[in-house]
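Q: Listed below are the residues making up each chain.
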Amino acid sequence: MIADILTGAIRSGTSVMIASQGELISERAGVINLGTEGSMLCGALGGFAVTVWTGNPWIGTLAGGVCGLLISLIHAFLVLSCGANQLATGLTIMFFGMGITAFFGKNFVSQQIVGFNPVPIPYLSDIPFIGKILFNHDPLTYLSLLLVPLLWYVIFRTRLGVILRAAGEREEVLFASGINPKLVRYLAVLAGGFLAGIGGAQLSVAYTHSWVENMVAGRGVVAVALVIFASWKPLKAMIGAYLFGAAQALQLTVQQQGLAISPYFLFMVPYVLTLVALLIVERRKQSQTPEALGKVLAGSG
Amino acid sequence: MSIAATITKDNKSFLARNQSWMIQSAAIIAPFIVFGIFLTFYKVNPIELYWSMVQTTFGNLYGLGEVLLKATPFILTGLAAALPAKAGLVNVGGEGQLAIGALFATWFAVFYLDTMPAMIGIPIMLLAGACGGAVWAGLVAVLKVKGKLNETITSVLLNYVAVFIVGFFVHGMLKDPNSFNWPFSPEIANTLRLPIINGTRLHVGFIVAIVLAIIVWFVLTKTRLGFKIRVLGSNRLAAERAGFQINKMYFWVLIAAGALAGIAGMIEIAGIEGRLRASVGTNFGYLGFLAAMMAWNHPIRLMASAFLLGMISVAGNKLEIFSGLPSSSVNILMALVLFFILGSGKLVKK
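In the order they appear, the protein sequences are chains A and B.
For the first sequence, my numbering begins at 1 and goes up steadily by one.
For the second sequence, my numbering begins at 1 and goes up steadily by one.
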């Protein structure tokens with residue numbers, strides 16, 4: 001049962017994890033994007049639709065990423081070029097995503113696809129307990145596991161990472177070194193949207209193999225919350241996402257075991273857990289908030 | 001400040017006022033054009049749709065009633081966003097606050113008020129709804145004040161929790177025993193239904209919403225308390241220096257906002273639905289938030305933007321009937337309106 005929950009934690013946490021890595025890039029550059037929810041929705045539908053048309057889940061997933069990117073472009077434009085309020089714009093994009101995917105998704109509701117299926121890694125998946133948890137997943141999940149160390153390396157060990165962090169902390173420094181901070185932020189938001197789209201596509205193409213209206217169900221918001229929980233660190237965001245996934249897996253397991261707990265209480269657990277996690281880490285967080293983002297979170301963005 | 005400087009300043013603000021009025025009008029009209037282009041791709045004549053929108057609204061009393069009926073919850077959930085916005089808070093929890101308000105109101109109506117006369121029962125039910133919304137907003141407020149958590153993120157997360165709580169009750173303690181296992185509450189007593197204006201489906205909840213909007217406007221613009229709220233919203237540092245009890249203000253502003261959204265939930269039950277369903281008020285919180293943004297958080301202008309959203313919602317139903325496009329397509333129009341308004345914000349403020 002524990003192995004089931006841990007396997008499920010990765011299976012259902014992956015979409016949130018990918019999206020939160022994307023949001024982390026965006027927030028490192030000083031832009032918070034609640035539209036992540038909208039990007040995930042568009043990614044889930046776009047990924048599903050293109051997989052239906054092409055029969056190729058790889059192309060589908062890529063298309064999902066592009067859909068997420070296009071939606072986040074609206075956010076980038078309104079926030080960076082028009083000076084709109086980041087939180088309000090993000091929420092509008094969340095709403096826009098709900099509307100546009102409900103509209104275009106109507107015909108896809110009952111369709112079937114051959115999406116990604118778990119591929120056990122030879123030998124490694126035979127290791128008792130750990131093998132089942134770590135080495136029996138869909139290809140996207142394996143890739144997403146590589147994403148975390150990659151991002152950590154780029155953000156903390158490369159010049160690109162310095163530029164990204166500077167955009168979120170001291171844009172004057174970037175100006176002084178001849179780099180346009182606005183451009184950096186644009187690219188960071190777009191990268192975030194792309195990953196959110198991939199996360200959404202993972203949900204429809206790899207995890208559920210189906211499209212249902214509003215199927216992201218707040219995972220995008222959770223992804224944003226997790227980045228704050230993680231103090232803008234990729235590894236911690238991954239842990240947070242799997243914790244969220246574990247809460248969801250727990251819910252399925254408890255139902256299968258036929259325990260007399262209302263499923264509705266179990267549905268709440270991941271969201272409540274996210275809130276509690278936020279509360280616990282809040283005290284240590286303040287000093288680590290990217291400076292440009294701190295202004296937004298205090299309500300003057 | 002010298003007189004000359006005062007005059008130039010006034011002239012500038014006069015020009016700015018006119019200019020901003022034009023930009024704002026353009027920001028309202030442009031999305032309709034964009035959505036119109038979108039519709040033509042789906043072989044829908046946008047001019048016909050917009051014209052029928054206007055006709056439905058102003059053509060007869062019934063149509064106008066339908067639009068006002070749709071606008072009512074948007075006014076209240078809009079106030080739930082606009083009032084905190086004046087204090088510098090972003091409350092997106094209208095959705096959950098409405099749901100919990102509806103839950104409290106239904107709970108009281110079903111278990112305690114079914115034999116009460118309307119004069120006593122309806123006000124108690126209204127109070128219950130307000131309390132429900134206030135409790136839910138209270139969670140956001142406590143997390144903000146004691147836990148230092150950003151209210152935007154907590155209020156959105158709590159929206160999902162609220163929906164599951166309503167689901168829990170309509171599948172459990174509040175389930176109608178005669179419903180053949182459908183998940184909804186028993187119907188509330190007829191005496192608890194809001195009186196209806198003849199010839200329409202419009203109920204007096206609409207008047208409640210208008211009155212509350214005017215009260216919020218009055219408090220914000222004409223009272224000392226409102227002045228303090230606006231100071232806090234426009235310059236937190238100044239408010240701190242002036243010795244305001246900022247946390248206390250944040251707390252009570254959020255509570256008041258939740259109560260307003262909770263009343264919207266009660267009105268949905270007593271005015272329209274008659275019973276609680278898990279899907280009560282879906283998207284009303286978000287739409288109210290959009291209405292408040294469209295009105296730049298001004299309670300009186302909010303009534304106008306809620307009316308516009310009401311018109312668009314009714315048009316959505318028409319769209320579904322006449323052209324087979326899903327009624328949610330109008331959400332795209334609503335989001336477009338917001339994009340243009342948000343995008344023009346900087347131009348207007350200049």
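Don't read these hints as lab results, they were simulated from the structure.
Here the structure is a predicted model, which is why all the values come from computation and not from measurement.
Hints may be right or wrong, so weigh each one.
What the hints assert, rightly or not - Computed cross-link-like contacts, SDA-like style, restricted to lysine to any residue with a CA-CA straight-line distance of at most 20 Å:
1. A:Lys106 with B:Arg236
2. A:Lys106 with B:Lys318
3. A:Lys233 with A:Ala277
4. B:Lys175 with B:Glu273
5. A:Lys236 with A:Lys106
6. A:Lys295 with B:Asn235
7. A:Lys106 with B:Asn283
8. A:Lys295 with B:Phe322
9. A:Lys106 with B:Lys148
10. A:Lys106 with B:Phe322
11. B:Lys148 with A:Ala277
12. B:Lys148 with A:Ile155
13. A:Lys106 with B:Lys175
14. A:Lys106 with B:Gly147
15. B:Lys175 with A:Tyr264
16. A:Lys295 with B:Arg236
17. A:Lys295 with B:Lys318
18. B:Lys146 with A:Tyr264
19. B:Lys318 with A:Ala102
20. B:Lys146 with A:Lys106
21. B:Lys175 with A:Pro263
22. B:Lys148 with A:Glu291
23. A:Lys106 with B:Asn235
24. A:Lys106 with B:Asn317
25. B:Lys148 with A:Ile280
26. B:Lys175 with A:Lys236
27. B:Lys146 with A:Gly294
28. A:Lys295 with B:Lys175
29. B:Lys175 with A:Gly178
30. B:Lys148 with A:Ser231
Q: Each hint should be assessed against the structure and marked as holding or not.
A: Hint check results:
{"no.": "1", "hint": "A:Lys106 with B:Arg236", "in the structure": "46 Å, violated"}
{"no.": "2", "hint": "A:Lys106 with B:Lys318", "in the structure": "18 Å, holds"}
{"no.": "3", "hint": "A:Lys233 with A:Ala277", "in the structure": "15 Å, holds"}
{"no.": "4", "hint": "B:Lys175 with B:Glu273", "in the structure": "15 Å, holds"}
{"no.": "5", "hint": "A:Lys236 with A:Lys106", "in the structure": "37 Å, violated"}
{"no.": "6", "hint": "A:Lys295 with B:Asn235", "in the structure": "13 Å, holds"}
{"no.": "7", "hint": "A:Lys106 with B:Asn283", "in the structure": "18 Å, holds"}
{"no.": "8", "hint": "A:Lys295 with B:Phe322", "in the structure": "48 Å, violated"}
{"no.": "9", "hint": "A:Lys106 with B:Lys148", "in the structure": "41 Å, violated"}
{"no.": "10", "hint": "A:Lys106 with B:Phe322", "in the structure": "17 Å, holds"}
{"no.": "11", "hint": "B:Lys148 with A:Ala277", "in the structure": "13 Å, holds"}
{"no.": "12", "hint": "B:Lys148 with A:Ile155", "in the structure": "27 Å, violated"}
{"no.": "13", "hint": "A:Lys106 with B:Lys175", "in the structure": "30 Å, violated"}
{"no.": "14", "hint": "A:Lys106 with B:Gly147", "in the structure": "41 Å, violated"}
{"no.": "15", "hint": "B:Lys175 with A:Tyr264", "in the structure": "14 Å, holds"}
{"no.": "16", "hint": "A:Lys295 with B:Arg236", "in the structure": "12 Å, holds"}
{"no.": "17", "hint": "A:Lys295 with B:Lys318", "in the structure": "44 Å, violated"}
{"no.": "18", "hint": "B:Lys146 with A:Tyr264", "in the structure": "28 Å, violated"}
{"no.": "19", "hint": "B:Lys318 with A:Ala102", "in the structure": "17 Å, holds"}
{"no.": "20", "hint": "B:Lys146 with A:Lys106", "in the structure": "43 Å, violated"}
{"no.": "21", "hint": "B:Lys175 with A:Pro263", "in the structure": "15 Å, holds"}
{"no.": "22", "hint": "B:Lys148 with A:Glu291", "in the structure": "17 Å, holds"}
{"no.": "23", "hint": "A:Lys106 with B:Asn235", "in the structure": "46 Å, violated"}
{"no.": "24", "hint": "A:Lys106 with B:Asn317", "in the structure": "16 Å, holds"}
{"no.": "25", "hint": "B:Lys148 with A:Ile280", "in the structure": "11 Å, holds"}
{"no.": "26", "hint": "B:Lys175 with A:Lys236", "in the structure": "42 Å, violated"}
{"no.": "27", "hint": "B:Lys146 with A:Gly294", "in the structure": "18 Å, holds"}
{"no.": "28", "hint": "A:Lys295 with B:Lys175", "in the structure": "46 Å, violated"}
{"no.": "29", "hint": "B:Lys175 with A:Gly178", "in the structure": "65 Å, violated"}
{"no.": "30", "hint": "B:Lys148 with A:Ser231", "in the structure": "15 Å, holds"}
The structure is inconsistent with the numbered hints 1, 5, 8, 9, 12, 13, 14, 17, 18, 20, 23, 26, 28 and 29, although it conforms to all the rest.
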